[in-house]
Structure formats: structure tokens, C-alpha cells
Amino acid sequence: MPFQGVDFYRIDDLLSDEERMVRDTVRRFVDERVVPIIDKHFEAATFPSELIPEMAQMGLFGGTLPEEYGCANMNNVAYGLVMQELERGDSGLRSFVSVQGALVMYPIFAFGTEEQKQKWLPLLAKGQKIGCFALTEPDHGSDPGGMETRARRSDKGWVLNGTKRWITNGTISDVAIVWAKAEGEICGFIVETKTPGFQAPEIKNKLSLRASVTSDLILDDVLVPEANLLPNSAGLKAPLMCLNQARYGIAWGGIGAAMACYEWAVEYTKGRIQFDKPIAQFQLVQEKLAHMLTEITKGQLLAWRLGHLKDEGKLHFSQTSMAKRNNVRVGLETARLARDLMGANGITLEYPIFRHMCNLESVYTYEGTDHIHTLILGEHITGLPAYK
Amino acid sequence: MKIISCMKPVPDPASRLIINETKTWIKDQDLTFVASEADNYALEEGLRLKEKHGGEVIVLSMGGEEAARVLRSGLAMGADRAIHLLDPKFKGADEFAAAATLAKAIEKDGGADLVLAGVQSDDLGTGMTGTMMAEFLGWVHATVVVGVEAAAGGKSLKARRELEGGINETVELPAPAVLTIQFGINQPRYASLKGIMAAKKKNFKVWTAADLGLADDAVGKAGAMYEVKEILIPEKKSKVEILGGTAEEATAALVEKLRKEAKVI
Ligand SMILES: Cc1cc2nc3c(=O)[nH]c(=O)nc-3n(C[C@H](O)[C@H](O)[C@H](O)COP(=O)(O)OP(=O)(O)OC[C@H]3O[C@@H](n4cnc5c(N)ncnc54)[C@H](O)[C@@H]3O)c2cc1C
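Quick mapping for you: the protein sequence lines, in order, are chains A and B. Everything in the first sequence is counted per our numbering, starting at 2 for the first residue and increasing by one. Everything in the second sequence is counted per our numbering, starting at 2 for the first residue and increasing by one.
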């Protein structure tokens with residue numbers, strides 16, 4: 002049975018024809034192509050790279066960027082719906098698309114030269130090149146400003162040294178957007194991964210986002226030509242702008258995962274008989290279902306409004322923080338409640354619940370931890386930063 | 002090549018169908034409509050032929066708002082323009098009236114090199130509209146097509162047809178022709194996001210019965226050759242008989258029944 006969507010508040014009525022069509026197309030793609038294979042990839046800890054060509058043909062990479070670079074130029078609500086549906090399939094797949102679009106194509110688009118855009122964006126949109134975004138380091142996660150990766154000027158360009166950790170797509174990338182301190186200031190570099198001195202070993206034994214590749218990047222005297230410096234990227238603000246793009250997508254994605262779990266919880270509890278009744282008929286079970294639906298609906302409205310603020314150019318990053326923080330919490334809580342309601346069956350890979358639950362633990366941490374988004378809101382409310 | 006691909010709106014296969022009060026059709030107010038599955042295969046085949054040989058692909062559909070929706074999905078998949086046959090008079094058409102109306106629209110658009118239709122629709126499934134359309138147009142046709150090749154700039158077509166018993170035959174047809182396309186001939190593409198965004202800007206014609214020069218009694222219910230008397234859900238008939246006694250007795254009784262009643266041994 003294909004996914005019917007969760008729409009208690011007729012949010013569909015708020016969507017344009019195009020937005021609905023985008024959502025329905027990706028929904029069908031996820032039902033037909035992702036759902037049947039994703040548990041095997043999760044179990045084997047492999048990324049479903051066989052899906053890349055079709056995702057590229059659909060235009061899922063960098064979907065909001067202009068047509069002149071081979072992108073779809075869709076609005077942010079449509080883009081958000083894409084993220085929602087992909088994450089309903091698996092957070093790993095959504096992560097891949099987030100990184101390729103919001104963290105690789107977006108910085109080239111926003112901070113790159115015209116030549117860099119012409120060269121890279123069409124290739125990345127077509128999925129002929131895969132990218133990664135390297136900000137986090139072993140000793141600098143929530144505080145990337147403390148990064149130790151350095152770019153030293155040489156007569157042939159820039160020489161990069163340092164180690165990055167937890168880099169999504171790292172091992173399978175052709176190109177990495179590496180953030181490094183150059184003459185004291187953080188800058189972004191387009192680094193081709195085949196450059197001598199560049200290594201990207203995969204981080205093994207993850208129990209979360211198993212259908213996504215996560216890697217260390219080791220940069221040992223990697224020579225990057227001057228033409229590969231993103232010229233308008235100076236300062237920590239630049240990578241944070243990228244993260245805001247990706248966080249926006251996660252605000253929708255969290256709800257997608259929640260919808261998948263909720264749908265299963267409803268189906269399962271209606272069919273599971275204990276004490277001669279479907280367990281869905283017990284008050285304690287209904288309370289949990291009612292709570293899930295309420296939280297999903299609130300999260301949907303938060304994401305929808307966020308999309309409109311973004312499209313109208315009125316978005317403040319603290320609003321994105323609120324939605325990322327809330328909607329990932331909703332996803333995780335819904336997954337845990339669904340797990341509970343499905344009893345022992347809830348812990349297996351036969352159902353998507355536990356997989357979503359494990360995945361969302363990463364989503365809770367990356368792109369700004371739950372704490373960090375709380376502090377961003379705290380600073381916005383009080384004017385007092387509490388990070389240090 | 003000018004290719005016209007017909008698309009019929011049918012209830013989304015995931016919908017729950019409820020029979021209407023007069024028991025002549027299903028309640029369709031709250032249903033979501035999608036293109037009949039075989040029509041997507043037909044359109045995909047049309048798009049591939051265009052990619053190979055150039056030309057244009059036009060999607061054609063008759064029906065209310067649901068047909069417009071299906072046409073937009075065809076445009077999003079890559080069709081160049083759409084023709085929507087929209088008129089309350091078209092309601093209640095059977096295959097005959099539908100084929101007559103579609104054929105008129107094809108003529109009004111200046112004909113085509115190739116008209117594609119699904120082998121059958123997901124709702125009625127009679128598989129007649131395509132062939133009747135060919136008859137109205139006075140063109141040759143081939144049914145249950147599992148492979149298409151065009152030659153001589155689209156002036157000649159080679160179609161592989163599926164026969165019974167796993168056998169295929171290849172037929173050569175001069176254009177213009179009508180082909181009804183079998184399920185599974187290809188893998189229909191997903192609409193691209195770019196295609197969805199561009200769909201709104203594409204040429205979208207809306208024609209009524211009057212535009213087609215069709216008399217009121219030639220279209221819709223009035224133009225139909227048959228009338229649906231009743232729509233019903235088949236009664237479930239299951240007869241279960243438990244044979245008692247010892248294993249030997251039950252086996253003997255079973256063999257007796259298989260021989261005398263079921264007549265299978
Ligand atoms: C699967 C996965 C994929 C990832 N992909 C990428 C990627 O592609 N690119 C990339 O650059 N990074 C990536 N990351 C890294 C991710 O962004 C970091 O893990 C995240 O920023 C947190 O950093 P950390 O893990 O070092 O935790 P820490 O920063 O050490 O945090 C540990 C705990 O301390 C808390 N904490 C830290 N500082 C404060 C404070 N001031 N106040 C209160 N609490 C605080 C945190 O909230 C958290 O609870 C990925 C991570 C994962 C798990």
C-alpha cells in the first residue's frame with residue numbers, strides 16, 4: 002500500500018499544484034524505489050548509490066538553484082516537501098541530497114566565481130560528481146570556529162593540512178568543500194578528492210545512518226589551485242549560511258520520518274489483538290497516537306510557515322533553529338513511541354521504526370545539536386549568548 | 002515525428018472505492034485521479050521516440066478537472082503541449098463515444114504521425130478505445146505493443162506485438178497509425194522537478210464538443226452504444242467442507258469427491 006501522507010489539518014490545501022505534484026512525484030519514487038531496498042542497505046551499511054542517476058534525472062540535487070546551472074529553480078516549500086518525502090524513506094538518503102544540494106552546490110553558488118559555478122553546478126546537479134562538506138573536526142564539533150585545519154599560501158596556490166571528521170559522503174565524493182583557516186580567517190575551498198595528499202577513510206560500525214557514508218578526511222599537504230578558493234566565503238558566517246540551508250531541509254525531514262513511524266503505529270495497533278481487542282482500542286495506546294498526530298501536525302505547520310518566510314526573504318536563522326530543534330524532536334519522539342506500541346516487532350528491521358529511530362539520533366546531533374539550537378533561540382530571546 | 006499520446010484519468014489505485022447511490026458508477030467526488038497506468042507506458046514510449054527522432058509529443062485527455070491534472074502530469078514528464086477535451090456533454094461516454102471524440106480532436110489538431118494509447122484502462126479495462134479511435138480516423142493500428150521502432154523519419158513504424166503463449170510478432174505499419182501499448186514495455190520516467198515547474202508555461206488547449214464540431218448526440222452518454230445498468234461488488238462464495246473420520250476415511254472421501262464432484266482425477 003503506497004504511503005497516503007498524514008494531513009489532519011488539510012495542509013494540502015495550502016500547497017500550490019506544483020508543490021503537490023513535486024511532493025507526490027518524490028513520494029512515489031520513495032515508495033517504488035527506496036522503501037523496497039533501504040532496509041538491506043541499512044543492514045549492510047551501504048549507501049544506495051544505484052538511486053543517484055534517477056534522483057539526478059528528477060532534479061533532486063540543488064533543486065532551488067537557477068535553471069541556468071541545470072537546476073529546477075523551485076521554491077522552498079517544494080524543496081522542503083522533497084526533503085520530507087526522502088526522509089520518510091530514510092534519513093541517510095535525505096542526508097545525501099541535503100549535502101549535495103545545500104552544503105556543496107549552495108556554497109559554490111553563493112560564494113563561488115562564475116567559472117566555478119559553470120564548471121561544477123551542472124555536474125553536481127546531474128549527479129556526475131558527488132560532493133561533501135567538511136567543517137567538523139575530531140576536536141571541534143559544536144564549536145567549528147576553533148578549527149585546526151590550515152591553508153597556507155604557496156606559489157602554486159594553497160596548501161591544506163588538517164583532519165576533518167564525520168563527513169557525510171566523504172569516501173564517495175569527487176569534490177569536497179573544505180573549510181580551513183587561511184591567514185587567520187575561515188575560508189571555503191573546492192578540493193578535488195583525487196588530489197595527492199587527500200584521503201577519506203570511511204567511519205565504520207555506525208549504528209545510525211547506516212545507509213549513508215560517513216568519513217574522516219585527512220589532508221596532508223593537499224595543493225589547491227587559487228582558482229578553487231571560494232572567494233566570497235571569508236569568515237565563519239559562510240559555513241553557517243550553508244548549514245542554515247541544510248537545517249531548513251531537516252525541519253521538513255524530521256516530519257517525514259515521524260509520518261512514516263506514525264503510519265506504521267496506526268496500522269499495527271489496529272491489527273494487533275491482545276486481551277481480545279485491537280490494542281488501538283486501549284486508552285493508553287490512543288493517547289500516544291493522539292500525541293503523535295498532534296505533534297506531527299504542529300511540526301508540519303512550523304515547516305510550512307518557515308518555507309514561506311524563506312521564499313519571501315523574511316527568514317531569520319533563529320526561526321530555522323526553532324523548526325530544526327522541534328521537528329527532529331518530533332521525529333525522534335514519534336519513532337520511540339511507535340517502537341513502544343509495536344512491542345518486540347518494533348525493534349526489528351522488518352519495520353522501518355527502529356531504523357528511523359537510530360537515524361534520528363544523528364539528525365538530532367548534526368547540523369547543530371539540539372543544545373546549540375536551544376542556545377541560538379536563547380540568545381535570540383535574551384540577547385545574551387550562552388555558548389561560552 | 003508528431004506523436005499524440007492519450008491519457009485517461011482513473012481513480013488512484015490506492016483509493017477506497019464506494020459505489021454511488023444509483024449503483025451506476027463509483028462515488029468520485031473525493032477521489033484522487035491519476036493517469037491510467039498503461040497510458041504512462043505509452044507516453045514514455047512517445048517521449049523516447051521524440052528523443053530519438055525529434056518532433057513533438059502532445060498529451061490528449063477527455064474529462065473534468067481530473068483530466069487537466071493528468072495532462073499536467075504528462076507535461077511534467079516531458080510532453081510539449083496538452084489538449085484537454087472539457088465539456089459537461091462528454092460525461093457518461095463509453096469507449097465508442099470517447100474514441101469518436103478523441104479522434105475528432107486529433108483531426109482538429111491536424112492529425113499526427115503516431116497516436117499512442119494504453120492497451121487498456123485501469124478502470125473499465127475493455128481495451129477498445131485505441132482500436133475504435135483508429136477506425137474513426139481511418140488509420141491502421143496494432144494492439145498489445147511491446148516494442149516500437151520508427152523508420153523513414155517516422156513515416157514507417159515497426160511494432161512488436163505480444164501474442165498468447167509467450168510469442169511475439171513484428172508488424173510493419175505505415176504512418177499515421179494508432180498503437181496500443183502494453184504494460185511493462187519500458188520504465189516510465191518520474192516527472193522531473195524542472196518539468197513540473199515548466200509544465201504551467203506549456204501550451205494547454207481546452208476544446209468543447211462545439212469546438213470539435215460534434216453534435217450533442219454524438220458525445221458523452223448520448224453518443225454511447227451501451228449503458229451501465231449496475232455496478233456491484235461480487236458476492237464472496239466460499240464453500241468449505243471438513244471431512245471427518247479417521248485419516249483413511251477422510252482420504253477415501255476426498256478421492257471420491259475429487260473424482261465425482263470436482264472431476265479432476
Ligand atoms: C552521521 C553524521 C554525519 C555528519 N556529517 C557531517 C558533515 O557532512 N560535515 C560536517 O562538517 N559535519 C558532519 N557531522 C558532524 C556534526 O555536525 C557534529 O557531530 C555536531 O556538530 C556536534 O559535534 P560533536 O559531535 O563534536 O559534539 P560536541 O560538540 O562535542 O557536543 C557533545 C555534547 O555537548 C554539547 N555541547 C557542546 N557545546 C555546548 C554548549 N556550548 N552548550 C551546551 N551544550 C554544548 C552538545 O550539544 C552535545 O550534547 C556529522 C555527524 C554525524 C553524526
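Treat the hints with care, since some could be wrong.
What the hints assert, rightly or not - Using 27 Å as the maximum straight-line C-alpha spacing, the simulated BS3-like pairs for lysine-lysine come out as follows:
| hint | chain 1 | residue 1 | chain 2 | residue 2 |
| --- | --- | --- | --- | --- |
| 1 | A | K205 | A | K195 |
| 2 | A | K315 | A | K271 |
| 3 | B | K51 | A | K127 |
| 4 | B | K202 | B | K28 |
| 5 | A | K127 | B | K90 |
| 6 | A | K238 | A | K315 |
| 7 | B | K28 | B | K92 |
| 8 | B | K237 | A | K271 |
| 9 | A | K41 | A | K157 |
| 10 | B | K258 | B | K237 |
| 11 | B | K51 | B | K206 |
| 12 | B | K3 | B | K53 |
| 13 | B | K222 | A | K127 |
| 14 | B | K222 | B | K90 |
| 15 | A | K127 | B | K53 |
| 16 | A | K127 | B | K203 |
| 17 | B | K24 | B | K258 |
| 18 | A | K278 | B | K222 |
| 19 | A | K205 | A | K238 |
| 20 | B | K230 | B | K51 |
| 21 | B | K3 | B | K51 |
Unchecked claim - Incomplete in silico selection of chain A near chain B, CB under 10 Å:
| hint | residue |
| --- | --- |
| 22 | V23 |
| 23 | R29 |
| 24 | F30 |
| 25 | G64 |
| 26 | E68 |
| 27 | G71 |
| 28 | A73 |
| 29 | F110 |
| 30 | T114 |
| 31 | E116 |
| 32 | I382 |
The set of hints was computed from the structure by calculation and includes no laboratory data. Glycine included, every Cβ here is placed at the ideal spot set by N, Cα and C.
Exercise. Checking against the hints above, which ones are violated?
Worked result: Result: hints 2, 4, 5, 9, 13, 17, 18, 19, 20, 29, 30, 31 and 32 break, sorted rising.
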